[in-house]
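There are 2 protein chains.
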Amino acid sequence: MEVALGQVPPDTIIENGVLVDVATRRLVDGIYVSISGGRIAALSKERPKPGSETKVIDAAGAYLAPGLVDAHYHIESSRLSPRRHAQITLPHGTTTLFEGSHEICNPLGLDGVKYLLEEAKGLPQKIFVGLSSATPPTPYETAGAYIGGKEATEGLKLEGVAGIDEVMDYTALFNGEDRLHSVIEAGLASGKVVEGHGVPSPPQADAFLATGVSSTHFSGDGAKALTLLERGCFLELKSRDSRQAIRELVAAGIDWQMVGMCVDDRPAEKISQLGHLDYELRIVIEEGLDPVTAIQLATLNNARHWRKEHEVGIIAPGRHADILFLSDLPSFKVDRVMADGVIVAEKGKLTVDIPIRPAPIYVMNTIKLNQPLAAKDFEVKVSSDKLKVNAAVLRPYYFSADLPPITRELIVENGLVQRDLPKDINKVAIVRRDGGGIGISFWELGYQHGAVAMSVLHDTHNISVVGATDFDMAKAVNRVAEMGGGITVIRDGAIKAEVPLPIAGLMTDRPLPEVVADLDRVNEEAAKLSPGKLLGPNPVDTQTFIFLTCFPWGIVLTDKGLINVRTGQPVQTIW
Amino acid sequence: MEVALGQVPPDTIIENGVLVDVATRRLVDGIYVSISGGRIAALSKERPKPGSETKVIDAAGAYLAPGLVDAHYHIESSRLSPRRHAQITLPHGTTTLFEGSHEICNPLGLDGVKYLLEEAKGLPQKIFVGLSSATPPTPYETAGAYIGGKEATEGLKLEGVAGIDEVMDYTALFNGEDRLHSVIEAGLASGKVVEGHGVPSPPQADAFLATGVSSTHFSGDGAKALTLLERGCFLELKSRDSRQAIRELVAAGIDWQMVGMCVDDRPAEKISQLGHLDYELRIVIEEGLDPVTAIQLATLNNARHWRKEHEVGIIAPGRHADILFLSDLPSFKVDRVMADGVIVAEKGKLTVDIPIRPAPIYVMNTIKLNQPLAAKDFEVKVSSDKLKVNAAVLRPYYFSADLPPITRELIVENGLVQRDLPKDINKVAIVRRDGGGIGISFWELGYQHGAVAMSVLHDTHNISVVGATDFDMAKAVNRVAEMGGGITVIRDGAIKAEVPLPIAGLMTDRPLPEVVADLDRVNEEAAKLSPGKLLGPNPVDTQTFIFLTCFPWGIVLTDKGLINVRTGQPVQTIW
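Chains as they are written, first to last, in the numbering used here: chain A, 620 to 1194; chain B, 620 to 1194.
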């Protein structure tokens, strides 16, 4: 205020910029931006009087756009700690994230939220947390923590918690499950935002929104987008999966105020290759939206939806001084990034030190098997007089495609059901992080050797293991536990590649190049075990997602065995 | 949710309507609206299955628009109690009000808020309260209550309090006054909205917004509007005073998401004549904005600004079933009003009973003079040897026009300064409601007889009295106190006309025609006392506003005498 009134000189003045005014969707020339204490103090037509310490930045005619605001994101999916992650995403212009948090909350509960907020302290990238509504993700599986109405009310009081994130268990929601509805009610009572998930069609879309859910991160076509928008749902476009929708919405000439943008999930190596929210923004522009509206989607619209427009999303008095310098709008190449009034990146390179802090003890060593597992823990027993059984076998992409398991005949030896490796049939197990239970079933995944285990398992983040032998499966799970979490590829008892993820079993604070190299190697080594590549070229990445239990998933494997998550009914594995 | 899913039949179905989709700014045909428990359950393309109790409403091709949401309003200015006020404004389509509350908070503090919320219970018109930031309006005057940071934090916890209303004491704001800044901080900490007032220009505009204020109710031209919008200020247009701005903003082709609408103040008789927010909306359309965007301004945009878009402002699942039926959009004539799922008005007439409840004891008898005043309480004494003095005399519209008082010579008799009635110079006094003090000065207002007193005095709502004789001034103030508040016109000791306003000294719950008749009569009788009509044709209405102390006012009369509210300095009355 005092800087705006001219009573105190600004810390920094930006001159010769063209303001991208996201409030009115205009470009405004000849504006000076005064900054003080990391916040915008004033916009002015006249040059503010600099003090002796004032830094003057010549924008040299660049466009000044607000720092990008991601409406829905999971840092954990990058495998990097929040501060490492900030190092690679700030140069792409992401100065604010609304973080989903159920990845870290499932193992750690509110401690996970505290860790995220602790990491965010003093970080130029603002991290607002949406408290997990999905702990556990469904009532039919076991997470490391439990967040019900009471815990949510407590968590919502934390500074930096901006709402409830992503309501995704449609079965529980529509069954009126007490835990989930209590969490939603806590969110509504707090005056904060309740986020959704998925792209439901009517009448489910209406039912979903009637519960108080306000939004979804969207992939789909224009008709689906309009159906949700006209029902008052804020759409966070995943542009890469919504190209058709963007074209159709542009053609329909809609008002875009209820449309935002998000990245959702992106592994570190993909961020390096593609970019971050800037990449999604370029897609929106490519598909025909004018650049200034596109920038609104990725800044003010997201900030308003999350009720943080007084903090971020616009270059205006009182807000964080998060400013992107762009030489050209349609190509949206971020030349320079200011966050909290400091230039933090130039031409894609970080220009400030973001120190990595030792991770606190409560996020480390979060995997506690009672004792190391042995091969026999993965045995599937039937009565010893049987020679064959039928098994309900899942395939790699069934999880997203409303398909029942296929029935396969499997051989029994000494009362133990065997894999059928020539037919690509492996064993898969979900091992609780506390050693409290294992769910096992058979999947057509194509591994001919070894086993791949990991503590990244959306969304409980128990340990998943896929294997061609019980011995290697036990070895792999034990190795993940030894590392305090991570990913390992075992063949004939030997470690072929691994990525330690000691922070909550999900993240590391090692430098990006090392992590990317490790991630590449686990994918490569896992691919070698699976000549048919049924899990795709990056089998490790695929494995992280195939045990999802949220909408629109159907029959899935949990620590309690096969479950139809649409009905809550267990599904017989063998008969 | 269960109704949306078809598990429970709706209470009501609306068919054959054309949905005004304020999210995307389109008209959508062929939509059925299902309603349950006063809320929208679903929109559907297929006819929902009615139950045996389901009411089906045929919209007969009418447009269905969301109920109007007023972003900034003072019910007290109507002189009617909230429930009486709802009776006359619901037929105009106003189904939600964001109520400023400082009128009632100045005499009553948080009790005033509780009264508003109590009246709103079970009322089809939703009343959200913005807690007063202006109690007292300035540090230089005395209100009946005090709301600082502590009181604000407490008030913000009340269900139905949606933020802090209107920050208007620029002097205190820019001086960093602790009380006002503590109230703003309490608002920001609560996650709710902090509302502004006035149309500041840079650099004051920047300073104002830098404190955390988010909005203003706007009158002015397009350039001023753009200046505020590009600084991130949400504009609540008072259309009647912003016709030029509307034309200019339409011509500029701006995005309207940061623009809303409000009525602010309107006496009951004007509501009857002109309408309510529907009147403002018609003006916006007249000035060239397309009707659907205009409806967005008065519905979704206001609701989003106040962070209540999950409750009101759009016809969508989960929201209150507040729906206007319109045969034509450009003329915006509200044919039928539904609120909370019930038709409450048809063709401008209320069709439901809105019972008037007895006002609670704590809002009654709020004027407590220690003892009746006498003529001598209005004497202005100087040393008895003086024959003449100079006096700082104010004129009727000086309060808004940055003008210093004029100097007039006044005669002294027996040590008492006299009026100069031939030159239209009256005495004016502000009497504290608790009898604790009187501020007196001389004004050029033109009364030749009698006195006019009232307990409606923006914004402290102490008692103001303008008089041609001290005797009538005392009589008038005493009569206002006897009534427990109201307006009275006295001539030669006799009551010529009066309006009792026993609720907080500001409102009545009598029926509109009686109140309008009384208000007309006090204006008429007061006008008869003032042949020159310096206070305009409705001198009583003018008197309510001429003691405002907020921006952009300059030298004003308070209970402590003349004050320059821009500096806080007292101004000498006579010398």
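These are computed hints drawn from the structure, not numbers from a lab.
Please note: incorrect hints may appear among the correct ones.
Since the list gives no way to pick one copy over another, a pair counts as held whenever it fits inside one copy or between any two copies.
Said to hold, decoys possible - The list that follows gives simulated cross-link-like pairs (lysine-lysine, DSS-like), each with its CA atoms no further than 25 Å apart: (1) Lys1042 with Lys843; (2) Lys769 with Lys674; (3) Lys995 with Lys843; (4) Lys1147 with Lys968; (5) Lys664 with Lys843; (6) Lys843 with Lys668; (7) Lys664 with Lys1005; (8) Lys1147 with Lys952; (9) Lys674 with Lys1179; (10) Lys843 with Lys966; (11) Lys1042 with Lys1007; (12) Lys857 with Lys843; (13) Lys889 with Lys1115; (14) Lys968 with Lys889; (15) Lys1147 with Lys1042; (16) Lys668 with Lys1042; (17) Lys966 with Lys776; (18) Lys987 with Lys664; (19) Lys889 with Lys1152.
What you are looking at is a predicted structure, and each value in this text was computed from that prediction instead of being measured.
Against the structure, the hints come out as follows:
1. In the homo-oligomer, the alpha carbons of Lys1042 and Lys843 never lie at most 25 Å apart, since the shortest distance is 39 Å inside one protomer and 73 Å across protomers.
2. When the C-alpha separation of Lys769 and Lys674 is checked against a cutoff of 25 Å, the pair qualifies neither within a copy, at 48 Å, nor between copies, at 39 Å.
3. In this assembly of identical chains, the alpha carbons of Lys995 and Lys843 never lie at most 25 Å apart, being 49 Å within a copy and 77 Å across copies at closest.
4. Taking the shortest Cα distances, Lys1147 and Lys968 never come within 25 Å of each other, neither inside one copy (35 Å) nor across copies (78 Å).
5. When the C-alpha separation of Lys664 and Lys843 is checked against a cutoff of 25 Å, the pair qualifies only between copies, where the shortest distance is 13 Å, while the shortest distance within a copy is 44 Å.
6. Taking the closest pair of Cα atoms, Lys843 and Lys668 come within 25 Å of each other only across two copies (23 Å); inside a single copy the shortest separation is 52 Å, beyond that limit.
7. Within a single copy, Lys664 and Lys1005 get their C-alpha atoms no closer than 86 Å, and across copies no closer than 55 Å, so neither meets the 25 Å cut-off.
8. Within a single copy, Lys1147 and Lys952 get their C-alpha atoms no closer than 38 Å, and across copies no closer than 72 Å, so neither meets the 25 Å cut-off.
9. Proximity of Lys674 to Lys1179 under the C-alpha cut-off of 25 Å is found in neither arrangement, the shortest distances being 61 Å within a copy and 47 Å between copies.
10. Taking the shortest Cα distances, Lys843 and Lys966 never come within 25 Å of each other, neither inside one copy (38 Å) nor across copies (37 Å).
11. When the C-alpha separation of Lys1042 and Lys1007 is checked against a cutoff of 25 Å, the pair qualifies only within one copy, where the shortest distance is 15 Å, while the shortest distance between copies is 115 Å.
12. In this assembly of identical chains, the alpha carbons of Lys857 and Lys843 lie at most 25 Å apart only when taken from the same copy (14 Å versus 37 Å across copies).
13. With identical chains, the CA atoms of Lys889 and Lys1115 are at most 25 Å apart within one copy only, with a shortest distance of 23 Å there and 82 Å across copies.
14. Taking the shortest alpha-carbon separations for Lys968 and Lys889, only the intra-copy value of 16 Å comes in at or below 25 Å, while the best inter-copy value is 62 Å.
15. Proximity of Lys1147 to Lys1042 under the C-alpha cut-off of 25 Å is restricted to the intra-copy arrangement: shortest distance 17 Å within a copy versus 104 Å between copies.
16. For the homomeric pair Lys668 and Lys1042, neither the shortest alpha-carbon distance inside one copy (77 Å) nor that between copies (50 Å) is at most 25 Å.
17. For a Cα distance limit of 25 Å, the shortest separation of Lys966 from Lys776 qualifies neither inside one copy, at 39 Å, nor across copies, at 47 Å.
18. Taking the shortest Cα distances, Lys987 and Lys664 never come within 25 Å of each other, neither inside one copy (62 Å) nor across copies (53 Å).
19. Within a single copy, Lys889 and Lys1152 get their C-alpha atoms as close as 20 Å, which meets the 25 Å cut-off; across copies the closest is 76 Å, which misses it.
Taken one by one, the earlier hints fail for this structure at numbers 1, 2, 3, 4, 7, 8, 9, 10, 16, 17 and 18, listed in ascending order.
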